[in-house]
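Following the hints, position chains B and C against chain A.
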Amino acid sequence: MREVELYFGPQHLGMVGNFSITLNVEGDKILKATADPGFLHRGFEKLMEYRTWMQNFPIVCRINVVEPDHMEMVYAMAVEKLAGIEVPERAEWIRSIYLELARVGSHLFGLWAYSNMLGFDTVAQWAMYHRDLILDLFEELTGGRVYHIYIWPGGVRRDFPEGFTDKIVETLHSIGKCVPDYNDIFFNNPLFYERTHGIGKITREEAEKWGGVGQVLRATGKSFDIRKVEPYAAYDKVDFDIPTREDGDAYSRIMVIRDEMIESVHLIFKLIEGLPKGEVYNKVPNPFKWKIGEGESYVRVESSRGELGLYLVSDGGDKPYRVHFRTPSYSHGLTILEKVLEGANISDVGNIMISMYVVAPEIDR
Amino acid sequence: MKMNKKNLIQQLELTFADNEVNTFEENVIKIYAKKEQVKTILRYLKDNGYNHLALISCVDWIKNKEFRLIYILTSYNANNETYKETGDIYLKAKISRDNPEIESVISVFENAEPYEREIHELFGVKFSGHPRLIPLFLERDYEVPPFRKNFDTRKYVKDVFESIPVIPEEEE
Amino acid sequence: MDREQVIKALKDSGKWGHKYSLWAVYFCTGCGIIEIPPTITSRWDAERFGVIPVASPRQANLFLITGYVSVKTLRAIIRTYEQMGEPKYTVGFGSCPINGGMYWDSYNTIKKLDKYIPIDGWIAGCMPRPEAIFVAVTHLWTLIDKGMATAYKKYRKQYKYYRKNQEMALGKLEWPPLYPINEDE
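So the protein sequences, as listed, match chains A, B and C.
1 is the number of the first residue of the first sequence in our numbering; add one for each residue after it.
1 is the number of the first residue of the second sequence in our numbering; add one for each residue after it.
1 is the number of the first residue of the third sequence in our numbering; add one for each residue after it.
Chain A with its partners taken away, still in its complex shape (with noise of 0.2 Å):
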């Protein structure tokens, strides 16, 4: 048989983003795969240098734009650690239940882009509906439903409205409601086994070797949390899991993030339980002339897909000197995924690709 060169490219129904993969095949099976990254590419860490500390806070949340609230906290964290400000108690609680919705609204939309590409559709509708109520909240919250720019260094930008965490609650509730019949149609559905048992398999000594971080992580037995290796706001304050699986396959990965949305839920209710009163902000030196010191900083949190990180150095000016993401994406949409897809099928790829979560802003960045 011939070897063909094949374009997975931009405008095709199974891609999700604007990614574009060039596949070499010999009848259905794979030789060879190169991610073809940059249709995203708008040089976010050239911009991000001609514009101030504070200006950069509306641009910086859309470099990823599925989960936007990772990128704040993880900038303004860093800018706090350069400017030695700190942030009030109430502040980092708020941020804390802040994140885990984004959470449980990207792992939401995750389950979409997966169910559908398998050809689940109810579990996509369900998916996207809970995930939009969730969007509602945070409308109210901070004005926007999709880029919010409600955190920014020395705290966050105004406290909860009146009855706020009680509407949190009920959106939780009824969410929690529904997972009997999620776990009925897809979670414990033999068809879903079938589909994805063995797909994509990875071993633990790979996915350290290839630089895996997150659930693809976790689905191979590893409990590599940055929430509990190197805790930040109010996650050393309270208690919760982390869930593993043993695996390393599609199966164990969609798993994974579906136990991680059980555990997020549970997590913001003991958040909302001990949130302590006071201020949310601390104010910070004039915002339009605002100089930083010299040095630099390498901050982390755990996002909804792994490890993010960010790279920060100031030479004593008005903008940063240089900015870097460490995104996760970017190690499993470039490494992994290549050394994966050698030897799958080709109706296998959507399948590999999204349970692995790449995101395609996250690596052109």
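Treat the hints with care, since some could be wrong.
Beta-carbon label-pair distances, calculated as ranges [claimed, not checked]:
{"no.": "1", "chain 1": "B", "residue 1": "170", "chain 2": "C", "residue 2": "125", "range": "28 to 36 Å"}
{"no.": "2", "chain 1": "A", "residue 1": "13", "chain 2": "C", "residue 2": "153", "range": "23 to 31 Å"}
{"no.": "3", "chain 1": "A", "residue 1": "179", "chain 2": "C", "residue 2": "168", "range": "52 to 60 Å"}
{"no.": "4", "chain 1": "B", "residue 1": "27", "chain 2": "A", "residue 2": "22", "range": "38 to 46 Å"}
Hints are computed from structural coordinates only; laboratory data are not their basis.
All C-beta atoms in this analysis are idealised placements derived from N, C-alpha and C, irrespective of residue type, glycine included.
Structure of chains B and C alone, referenced to chain A:
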């Protein structure tokens, strides 16, 4: 293998005598290495438990006419109790701006490959021994690699994109 | 009914069938893709307006360009646009195709999409809500009724200028011109 930080610093100073090692805050060890020794130091650190290469980045210090590369390492085996003892390592190397060249570290950490490709494309640094140093994001050649400080992106936009004319209305 | 009325009834029913089933190409071009899944799923149902996503550009006649356009994406957009059958409509979604938006000083994004492919209408916002897409679709119906949604005809008539702009932005193009270019005009 659990390595106490004080032990590690002493061993590094003994083994790699002409590189400077110091601690910074509580959790970070900074190593200022010579560019020829970067690969051996990385291999030594990987054998001592620092097996997660988080980031390779490059900063353009145009006033001093040099690039500074930074390799950030952590350990996959860290958890909350041991993190205060293991922490992060920042390994820094200086290379000259006019002829930037350094050896690739793919044989030590396999996931360094796209980072080095990106730095080559955006800063112009050559990594010797890299299997495919082809463009990653950009689809055209620029006179000056775009992330260097002497590339003015606003002037580029004005010259290239704003000079393209608007489509005229149809003649009746 | 006389001949005029029969022709009008037939043409109107053609327009009626045409405008109430605008099929959109499934191409996630940029940031704005985050508001397309809510639009096509059950909460803000787009199928009651006749809009469904289809896999191939040959089957579609609506192209929603959601978000900013980088240089590599512009190649894919032009090739997709040229493969769609006529009549076809394009809508720019978000502030970025209008004038560059938030990335107005980036070296890799296209600032005004109007110079490269013809656009029927714009939706402003960052991100626009799903209801804004429905307002755009109903506005497009009004334009189709009045015969004013003629961007594809402009592409055919002014193809020489579009092709020259595309070559200035992208360099050498790998595909031949879609319509014959007469150099003496």
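The hints, checked one at a time:
1. 170(B) x 125(C): 28 to 36 Å: Given range 28 to 36 Å: holds, Cβ gap about 30 Å.
2. 13(A) x 153(C): 23 to 31 Å: The hinted range 23 to 31 Å holds for residue 13(A) and residue 153(C), with Cβ atoms some 30 Å apart.
3. 179(A) x 168(C): 52 to 60 Å: holds, 55 Å
4. 27(B) x 22(A): 38 to 46 Å: Holds - the Cβ-Cβ distance for residue 27(B) and residue 22(A), about 42 Å, lies within 38 to 46 Å.
Comparing the model with each earlier hint shows no violations; every hint is respected.
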